[in-house]
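Chemist: If you want the building blocks of each chain, they are given just below.
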Amino acid sequence: MSTHATTRIVGAPVPRKEGVDKLLGRARYVDDIEREGMWHGATVRSSIPRGLILSIEFDHRIDWSEFTVVTAADIPGENHIQLINADQPCLADGKVNHCEEAIVLLAHPSKQKLREAVAGVHIEYEPLPPVFTIEESERQDAVVWGADNLFKSFLLEKGDVDKAWAGAAHIVEGEYRTGAQEHLYIENNGVIAEYSEEGGVTVWGSLQCPYYVHKSLLAVFDLPAEKVRVIQTETGGAFGGKEDYPSLLAAHAALLAMKSGHAVKMVYDRMEDLAATTKRHPARIRHRTALDRDGKLLAMDIDLATDGGAYSTLSPTVLSRATLHSPGPYVCPNVRVRSRSWATNTVPYGAFRGFGAPQGVFAMERHMDAIAAAIGIDPIELRRRNFLHDGDTTATQQVMREPVILDQLLDRALEQSDYYQKRAQFARENPGSAIKRGMGIAAFYHGAGFTGSGERFLNSLAGLDVTPEGKVRVLVSSTEFGQGTNTVLTQIAAEVLGLDMSDVLMAPADTAIVPNSGPTVASRTAMVVGKLIERAGLQLIEMLHKDAGLDESFTREEFFSACDLYRAAKGEVVSLSRYEALPGIFWDDKTYRGEAYPAFAWSIHVAQVAVDTVTYSAEVEEYWTVQEVGRVLNPVLAGGQIEGGVAQGIGYALYEKVLLQNGRMVNNQMTNYIMPTAEDVPQIYVHFEEIPFRHGGYGAKGIGELPHDGPAPAILNAIRDATGVSFCAIPLLPEDLYAGLAARTAVEEAATV
Amino acid sequence: MSECWSRIHITVNGEDRTFHVPPMKRLLDVLREDLHLTGTKEGCGEGECGSCSVRMNGELVNSCLVPVLQAEGASIETVEGLANAGELHPLQQAFLACGGAQCGICTPGMLMAATQLLARNPHPDMAEIREGLAGNLCRCTGFKRIFESVLAAAHGPDDAANRETEQATHAR
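Note that the protein sequences, when read in sequence, are chains A and B.
Note that the numbering used here numbers the first sequence so that position 675 is 675, with each residue one more than the last.
Throughout, the numbering used here is defined as the position within the second sequence, counted from one, plus 753.
Keep in mind that the hints are not guaranteed to be accurate.
Unchecked claim - The calculated DSSO-like cross-link candidates involving lysine-lysine, where the alpha carbons are at most 27 Å apart (straight line), are: (1) A/K111 to B/K778; (2) A/K227 to A/K215; (3) B/K778 to A/K113; (4) A/K471 to A/K570; (5) A/K546 to A/K471; (6) A/K215 to A/K152.
Honestly, the hints are just simulated from the structure, not real lab data.
Please take these sequences and the hints and turn them into a complete structure.
Modeler: So, in structure tokens, the structure goes:
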């Protein structure tokens with residue numbers, strides 16, 4: 001049923017559901033909302049990376065009676081944000097573990113007075129020694145978290161890596177590094193909170209996961225579930241940056257609301273958002289790889305370390321995804337991935353599109369080119385010889401039961417990009433030119449949905465109801481933040497019920513109204529929640545068929561008449577559907593073995609890059625993507641996901657550097673944290689091969705994160721092709737290019753003397 | 754408040770508006786707070802992202818960088834003024850059809866920058882569009898569909914369709 005090729009609405013480029021509101025400027029983002037008697041909130045933050053708080057003094061020139069002041073002592077419940085380990089305090093209590101950690105909260109009707117008041121809170125510290133890098137944390141230069149600074153480690157093993165080296169024709173080693181990256185959603189983090197004795201806590205906010213915030217508020221306020229309500233407002237970009245952080249910000253605003261008796265709005269300005277909120281985890285990945293004479297992989301030994309920042313937040317699950325994406329889309333009989341996430345005294349690193357995969361994929365795909373160069377094989381041919389196919393097993397020994405068409409994707413990518421012809425052309429032209437051009441490739445997968453047994457634990461619930469006014473409502477906590485949740489879930493509901501797009505509404509993402517369909521993360525919404533909506537629709541038709549006489553085929557009018565009949569006889573017309581684990585799924589968290597993901601999306605990226613050897617700038621001139629993401633539910637939205645992800649990936653590779661000094665981001669402005677502009681993003685070609693996945697909503701697999709995994713390795717591989725220099729760290733800024741090219745020139749000059 | 758307030762008169766989307774505000778208040782805040790025109794967004798507060806773009810006397814400005822006294826007597830156009838009696842402006846229609854808006858937070862500013870571009874140059878080519886929108890940051894789209902939206906609005910939808918490069922095929 002779900003994979004029928006003939007659909008009316010699914011697969012069509014229907015316009016974005018909330019598009020008109022956004023285009024008219026009437027979509028309501030959190031900062032556009034005013035509440036009666038609303039005050040503003042502000043945060044007093046740590047100025048040191050680690051230490052004890054000795055005293056908090058309030059400047060006597062300020063009339064503090066006008067302000068509401070909140071410290072850790074005002075927290076009625078637990079002073080912890082509930083993520084995985086609940087180790088992050090809501091407000092620092094006696095000690096701080098990173099710069100910008102929240103210590104005191106202030107509320108006042110005037111934003112201007114708040115700014116002055118924040119400067120009027122003086123905190124005295126006794127500094128403690130901090131650690132700032134993975135290496136300092138590993139060495140335990142200071143123990144800043146737990147017994148050994150280690151948030152989490154995984155060991156994934158297949159075969160026997162140690163026995164493989166002796167029989168290898170080639171052994172190639174490499175070390176790769178990736179930097180932090182800021183999400184740079186254009187709308188900063190923000191919430192409004194209200195509190196009343198009877199109603200409890202209500203929060204409106206720019207956020208991805210209403211039920212994450214809900215869960216965290218329950219603990220901070222020690223309230224029963226029905227006394228906490230979280231409502232998502234229109235959200236101006238998220239990319240993972242509004243997955244974990246809003247739990248903290250919502251608690252802050254709600255504490256101020258409770259104590260002040262007013263609604264309190266906290267909307268960060270750009271500098272505060274950049275300095276205080278999460279980023280992508282920096283990583284160091286070491287590869288040691290054995291190959292036989294024919295360039296077939298014999299063994300991969302991968303050591304992966306991430307910098308998690310001061311609290312564990314989501315670092316364990318980010319590390320998990322990094323671990324599972326590190327071995328790449330290749331067959332290898334012997335694999336070991338040892339991964340660890342380390343504590344440092346910086347702002348906690350958090351969720352960001354790709355969630356560990358971009359780090360792992362960067363290292364693997366750069367390493368594949370390093371191997372190709374070392375053993376003298378064409379990088380395309382090396383990949384081809386080692387690609388996974390149907391029936392092969394991955395590093396976790398997951399059998400590829402669904403079609404894997406990497407060869408076909410690769411052929412298409414090479415053809416579209418004119419790869420070989422261009423390489424030959426550039427090889428001819430480069431020697432006589434100051435501009436060196438090159439072509440680079442990356443091959444990768446992205447696991448859709450939660451890792452391993454994750455979807456089973458989430459136990460998501462979603463559904464549909466029909467209002468007396470004759471509208472179907474989609475009941476999900478899955479949120480829209482630009483990626484298209486509203487549109488594709490509406491398409492699925494309209495398709496399955498035989499209705500028009502305008503017959504279907506999205507119920508507000510409000511925990512008082514919608515069930516918990518899980519967080520809007522992990523490229524899971526179209527696949528997992530989409531399937532629940534599809535099933536809820538089929539179930540609804542069955543109900544109406546059985547209890548309201550709806551015929552097997554029916555018109556729109558007959559459908560709504562049947563709903564009226566059903567309502568008169570039985571009450572509310574509602575159909576809910578709960579996640580059911582896929583058959584044959586086995587996952588062992590202890591050995592990290594089994595079905596790592598319910599489905600994989602597959603992709604090949606090709607980058608054409610020009611390196612200017614006078615200015616040392618690298619420019620991506622053209623970019624090709626070919627991917628298999630299951631059924632494409634909406635080609636305009638899907639294309640937009642790929643293009644946006646590629647642009648963000650280009651920034652990750654070439655522009656975006658988080659500069660830390662003493663653990664604090666010092667380039668926390670758009671003036672000096674540089675993202676790609678309209679002039680920097682090349683023409684991006686997008687091609688989908690479609691193989692409907694029967695367990696995904698109308699055949700969909702995940703799409704949102706996939707495109708961010710490829711650009712960094714494809715671009716650095718192209719730079720190697722252009723210049724002959726193998727760069728192994730991102731971001732690769734002009735000064736890094738200069739250093740690398742100058743070092744190569746020095747070596748060459750020394751060799752010719 | 755110790756600061757002296759000024760009586761400011763501006764025309765916003767063709768309507769005369771007079772109000773009392775501190776003269777150094779940002780035009781952005783006046784639009785959002787005093788005139789309740791919240792379609793204009795703040796992204797960075799320092800003129801880098803263009804989310805607060807409005808037209809002032811036919812020039813594109815970052816309203817976060819304009820003290821309202823500088824706008825005295827000016828004619829201001831914001832996103833709320835684009836549609837005509839509920840009918841979408843051709844640019845808005847094109848953004849809707851081509852996927853030029855995703856999260857929507859940069860969209861009002863992008864629309865104003867595109868309006869400015871087309872007012873100066875009704876039939877821009879791709880390079881001119883890139884340059885015309887270079888002051889407006891979008892983190893969602895990778896810009897491609899924004900360019901296509903502007904092309905479609907300027908040259909008609911068929912032309913944009915010809916430039917559409919993606920295809921979808923069924924592999925099996």
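Chemist: Determine for every hint whether it applies to the structure shown.
Modeler: Hints and how they fare:
1. Taken as a hint, the A/K111 and B/K778 pair is honoured in the structure, with Cα atoms around 13 Å apart against an allowance of 27 Å.
2. Note on A/K227 and A/K215: the hinted pairing holds, with a Cα-Cα distance of about 11 Å set against a maximum of 27 Å.
3. Using a Cα cut-off of 27 Å, the hinted pair B/K778 and A/K113 holds, with the two alpha carbons roughly 15 Å apart.
4. A C-alpha spacing of about 18 Å is found between A/K471 and A/K570, which places the hinted pair at or below 27 Å, so the restraint holds.
5. The suggested pairing of A/K546 with A/K471 holds, with an alpha-carbon distance near 21 Å, which does not exceed 27 Å.
6. At roughly 23 Å between alpha-carbon atoms, A/K215 and A/K152 fall within 27 Å of each other, so this suggested pair holds.
Checked against the numbered hints listed earlier, the structure breaks none of them; every hint is satisfied.
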